[in-house]
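Listed below are the residues making up each chain.
Protein chains: 2
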Amino acid sequence: MKPDKILLDHGSGGRTSHDLITGLMLPLFDNPVLNQLHDGAVLTVGNHRIAFSTDSYVVDPIFFPGGNIGNLAVNGTVNDLAMCGASPLGLSAGLIIEEGFPVRDLEIILNRMAKSARIAGVYIVTGDTKVVPKGAADRIFINTSGIGLIPDGVDIGAHRVCPGDQILLSGTIADHGMTILTQREGLTFDHPIQSDTVCLNHLVQEMLAVDPDIHVLRDPTRGGLGTALNEIAGQSRMGIQIFEDRIPVRNEVAGLCELLGFDPLYVANEGKLIAFLRPEHAIDILEAVKQNAAGKDACIIGEVISGHPGRVLMQTRIGGTRIVDMLTGEQLPRIC
Amino acid sequence: MKPDKILLDHGSGGRTSHDLITGLMLPLFDNPVLNQLHDGAVLTVGNHRIAFSTDSYVVDPIFFPGGNIGNLAVNGTVNDLAMCGASPLGLSAGLIIEEGFPVRDLEIILNRMAKSARIAGVYIVTGDTKVVPKGAADRIFINTSGIGLIPDGVDIGAHRVCPGDQILLSGTIADHGMTILTQREGLTFDHPIQSDTVCLNHLVQEMLAVDPDIHVLRDPTRGGLGTALNEIAGQSRMGIQIFEDRIPVRNEVAGLCELLGFDPLYVANEGKLIAFLRPEHAIDILEAVKQNAAGKDACIIGEVISGHPGRVLMQTRIGGTRIVDMLTGEQLPRIC
Numbered sequence: 010m011k012p013d014k015i016l017l018d019h020g021s022g023g024r025t026s027h028d029l030i031t032g033l034m035l036p037l038f039d040n041p042v043l044n045q046l047h048d049g050a051v052l053t054v055g056n057h058r059i060a061f062s063t064d065s066y067v068v069d070p071i072f073f074p075g076g077n078i079g080n081l082a083v084n085g086t087v088n089d090l091a092m093c094g095a096s097p098l099g100l101s102a103g104l105i106i107e108e109g110f111p112v113r114d115l116e117i118i119l120n121r122m123a124k125s126a127r128i129a130g131v132y133i134v135t136g137d138t139k140v141v142p143k144g145a146a147d148r149i150f151i152n153t154s155g156i157g158l159i160p161d162g163v164d165i166g167a168h169r170v171c172p173g174d175q176i177l178l179s180g181t182i183a184d185h186g187m188t189i190l191t192q193r194e195g196l197t198f199d200h201p202i203q204s205d206t207v208c209l210n211h212l213v214q215e216m217l218a219v220d221p222d223i224h225v226l227r228d229p230t231r232g233g234l235g236t237a238l239n240e241i242a243g244q245s246r247m248g249i250q251i252f253e254d255r256i257p258v259r260n261e262v263a264g265l266c267e268l269l270g271f272d273p274l275y276v277a278n279e280g281k282l283i284a285f286l287r288p289e290h291a292i293d294i295l296e297a298v299k300q301n302a303a304g305k306d307a308c309i310i311g312e313v314i315s316g317h318p319g320r321v322l323m324q325t326r327i328g329g330t331r332i333v334d335m336l337t338g339e340q341l342p343r344i345c
Numbered sequence: 010m011k012p013d014k015i016l017l018d019h020g021s022g023g024r025t026s027h028d029l030i031t032g033l034m035l036p037l038f039d040n041p042v043l044n045q046l047h048d049g050a051v052l053t054v055g056n057h058r059i060a061f062s063t064d065s066y067v068v069d070p071i072f073f074p075g076g077n078i079g080n081l082a083v084n085g086t087v088n089d090l091a092m093c094g095a096s097p098l099g100l101s102a103g104l105i106i107e108e109g110f111p112v113r114d115l116e117i118i119l120n121r122m123a124k125s126a127r128i129a130g131v132y133i134v135t136g137d138t139k140v141v142p143k144g145a146a147d148r149i150f151i152n153t154s155g156i157g158l159i160p161d162g163v164d165i166g167a168h169r170v171c172p173g174d175q176i177l178l179s180g181t182i183a184d185h186g187m188t189i190l191t192q193r194e195g196l197t198f199d200h201p202i203q204s205d206t207v208c209l210n211h212l213v214q215e216m217l218a219v220d221p222d223i224h225v226l227r228d229p230t231r232g233g234l235g236t237a238l239n240e241i242a243g244q245s246r247m248g249i250q251i252f253e254d255r256i257p258v259r260n261e262v263a264g265l266c267e268l269l270g271f272d273p274l275y276v277a278n279e280g281k282l283i284a285f286l287r288p289e290h291a292i293d294i295l296e297a298v299k300q301n302a303a304g305k306d307a308c309i310i311g312e313v314i315s316g317h318p319g320r321v322l323m324q325t326r327i328g329g330t331r332i333v334d335m336l337t338g339e340q341l342p343r344i345c
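Protein sequences, first through last, are from chains X and C.
Heads up: take any position in the first sequence, counting from 1, add 9, and you land on the working numbering.
Heads up: take any position in the second sequence, counting from 1, add 9, and you land on the working numbering.
Note that identical chains are pooled: a pair holds if it fits in a single copy or bridges any two copies.
Restricting the straight-line Cα-Cα distance to at most 25 Å, the calculated cross-link-like pairs of lysine to any residue (SDA-like) are:
#, residue 1, residue 2
1, Lys124, Gly32
2, Lys143, Pro111
3, Lys143, His27
4, Lys14, Thr337
5, Lys124, Phe72
6, Lys305, Asp272
7, Lys305, Ile128
8, Lys124, His27
9, Lys14, Leu35
10, Lys143, Gly109
11, Lys14, Leu37
12, Lys14, Gly144
13, Lys305, Glu289
14, Lys11, Arg148
These are computed hints drawn from the structure, not numbers from a lab.
Here the structure is a predicted model, which means the values were calculated and not measured.
Using the sequences and the hints given, assemble the complete structure.
Structure below.
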């Protein structure tokens, strides 16, 4: 049944989000670029291909171990462009600020944005600031949009998926989501966890230098690894097989997930990517990824199989096989 | 004195906004593109110049005579691109929706976005939807960003301003701002006023067809005509002279402004532009503008003078001269 009110779950990045987008937005905005539902749109300008992406950040709390809403917003859009294979050309920053927000906090956030942009090697070239009366927004929301240039010869997308493709994951999962959750709940630990927010554009360029023919790149943010793999399986109509014991999860994070009843497969990441690689180059790319600090825990977690189109199967630690479905139900609102 | 909290006035588009941008943001984000402070950034890709712009819309009420937050958001970003002389290549839409928002209202808004995009001749190619818990945002905020292609030979910006340039205004001022205000206050009239929100990209291309050497284009949105002219005067270090009796204001709007104590020079417009034109082509361009429904009330309201650098002078209806300063103090929060 179609709900008559917007639910938190419509923003989860999982199935209900997907239904809102495909049921309401795609028919209205129908066009060949949007319909690809990639992290970024790809537009052609002369002989060049430009990636274009947008994300709004509403994370709560706005400050957390590993950063704040500012570097999250910059890294997030840089990464969306990187998932198209693009190097960023410029970012925009659109701020919506609640009246009374401390200028000192704004300075800290903007500083972190500027620093992250420097690390990613991109300028924030245009912006907009709106202030709304007290109570009309919760402190600060930041939209970042960005454009990037896709190198010649690079063609990344679910249409490229082939049976036998090796699936690389660049590191541990669920760090960002569990950090936000523990901050929100005021939980403290002996071994504090922190968000993995980081820009991935340099890592992607290093991967493309090994083999420009990478088939798919995706950053498993909202909805986590499970949702991202399901999107790719659905869009490519291919089957995906992964192995639970190969998926790296920090001990502290795994413990927290178990304690609080979260499946790390569906918890958000902000500095990880999955890549679908031609088998003959997979090991070389994996070695390159491990050289980068953002990819030191990378591993091959599975492959594309010829059966089970549209499905993600996981061989569990105890040897059984489980279907990894799309996330249903909001896990964590305002996670990014 | 530097305030320690963000004030509504920081989002007014007037002097306090300007101080926040130049005092806090520009030093942090320092780069040659942003520093131009145009409505859109201009980036070079190969032999092409790409305009890139962003705006967040937080208008209250979200539905008003003349449209809703949806067409406002599409037209606003199309117009920011058009003010660089660019034809739009693609738009992004970033929605922040409050939990519980009626799906029916969302459909109406998205419909209006889609319709406006069709009229402007642009696709919405990428998007993002976030839902925040009830009370964390007031109904819906929309960010639109866009990229556009600047034709060869077009070079628009405050650096082009020359003494003698004729200043064209494309129509009546203050319609949008006074419409929002009257809606918010629940005022009703025999002759209802409505927002002027409309896309200006086709009008701009018609102007460039007459003379590609237009010096400046600017849409006087937040802060109104007075603020836009002051920005151009300040950036170009040139003097501007305008004539009050040439500035078209609808009778109903002028009456409302007088009644409620607003100066129409500082009230927002969402479908008007000002253009700085070479004198030898000004009349031809004016004639072309008047052929377009969006420019039927256009007129030449003044010119660039060699004295008074950085100042905007207005010859009043009664023959005196008044300095038109930048807006200080928030007139209307959440006007766009």
